[in-house]
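A.B. asks: Chains A and B are the protein sequences, given in the same order. Numbering-wise (the numbering used here), the first sequence opens with residue 615 and increments by one. Numbering-wise (the numbering used here), the second sequence opens with residue 239 and increments by one.
None of these hints come from the bench; they were simulated from the model. Hints should not be assumed to be uniformly reliable.
Listed next, with one range per pair, are the computed distances between beta-carbon atoms [stated by the list, open to error]: (1) A:G665 / B:K306: 33 to 39 Å; (2) A:E673 / B:T290: 22 to 28 Å; (3) B:K296 / A:G617: 20 to 26 Å; (4) A:K628 / B:Q283: 31 to 37 Å.
Here the structure is a predicted model, which is why all the values come from computation and not from measurement. Quick reminder that beta carbons are idealized off the backbone N, C-alpha and C, glycines included.
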Amino acid sequence: NAGVTQTPKFQVLKTGQSMTLQCAQDMNHEYMSWYRQDPGMGLRLIHYSVGAGITDQGEVPNGYNVSRSTTEDFPLRLLSAAPSQTSVYFCASSYMDPGRAFFGQGTRLTVV
Amino acid sequence: AQSVTQLGSHVSVSEGALVLLRCNYSSSVPPYLFWYVQYPNQGLQLLLKYTTGATLVKGINGFEAEFKKSETSFHLTKPSAHMSDAAEYFCAVSPTGNQFYFGTGTSLTVIP
Numbered sequence: 615n616a617g618v619t620q621t622p623k624f625q626v627l628k629t630g631q632s633m634t635l636q637c638a639q640d641m642n643h644e645y646m647s648w649y650r651q652d653p654g655m656g657l658r659l660i661h662y663s664v665g666a667g668i669t670d671q672g673e674v675p676n677g678y679n680v681s682r683s684t685t686e687d688f689p690l691r692l693l694s695a696a697p698s699q700t701s702v703y704f705c706a707s708s709y710m711d712p713g714r715a716f717f718g719q720g721t722r723l724t725v726v
Numbered sequence: 239a240q241s242v243t244q245l246g247s248h249v250s251v252s253e254g255a256l257v258l259l260r261c262n263y264s265s266s267v268p269p270y271l272f273w274y275v276q277y278p279n280q281g282l283q284l285l286l287k288y289t290t291g292a293t294l295v296k297g298i299n300g301f302e303a304e305f306k307k308s309e310t311s312f313h314l315t316k317p318s319a320h321m322s323d324a325a326e327y328f329c330a331v332s333p334t335g336n337q338f339y340f341g342t343g344t345s346l347t348v349i350p
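Could you put together the complete structure from these sequences and hints?
C.D. replies: In structure tokens, the structure reads:
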């Protein structure tokens with residue numbers, strides 16, 4: 615039981631490049647979500663999913679796409695990276711128990 | 239709309255002293271409330287949560303928080319600080335229990 619696994623842990627991109635941040639969980643959780651963490655701003659919700667095939671936008675969705683084809687995986691796509699997307703990204707998953715969310719270790723992304 | 243305000247981005251206490259981290263929320267519906275802790279270079283861990291019922295909630299590592307609806311507050315306390323408590327603490331509100339809206343965080347320093 616690995617919990618929530620995020621890959622990669624570190625990434626440097628050039629402006630305009632695209633990439634996918636991977637998130638996988640092995641706990642059969644229905645809910646999955648992506649957050650970005652920036653200094654002085656806490657964590658902000660980007661996108662979330664309440665189950666396979668269902669996604670919705672959070673507070674800061676612009677510039678990011680998601681899909682949920684399986685219960686286990688919830689990748690986050692940056693279509694054209696911008697320096698403003700330099701951040702630490704966290705994936706989280708949870709089941710029906712309110713608040714018992716499990717967070718991944720984070721992906722530190724730098725866009726130059 | 240959901241939002242969380244954490245008063246004090248940095249708090250310093252002496253080892254053995256009372257820890258008090260403040261959190262006020264606004265919510266259009268009765269909320270679920272949480273405190274999470276983040277140690278350096280790690281993801282978030284749930285400290286405690288309020289969903290329904292008793293307004294004084296006990297969490298891990300000796301922390302507790304009291305939900306005060308009249309004051310829209312959910313302050314975190316610990317009677318005696320330990321060096322291992324040094325970390326970043328986040329208050330969060332959720333309308334559903336699975337999508338979280340975080341405060342900007344409070345960095346706790348414990349002075350020996």
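A.B. asks: Now, for every hint given, state plainly whether the structure supports it.
C.D. replies: Each hint tested on the structure:
no.	hint	result
1	A:G665 / B:K306: 33 to 39 Å	35 Å, holds
2	A:E673 / B:T290: 22 to 28 Å	26 Å, holds
3	B:K296 / A:G617: 20 to 26 Å	24 Å, holds
4	A:K628 / B:Q283: 31 to 37 Å	34 Å, holds
The structure agrees with every numbered hint stated previously.
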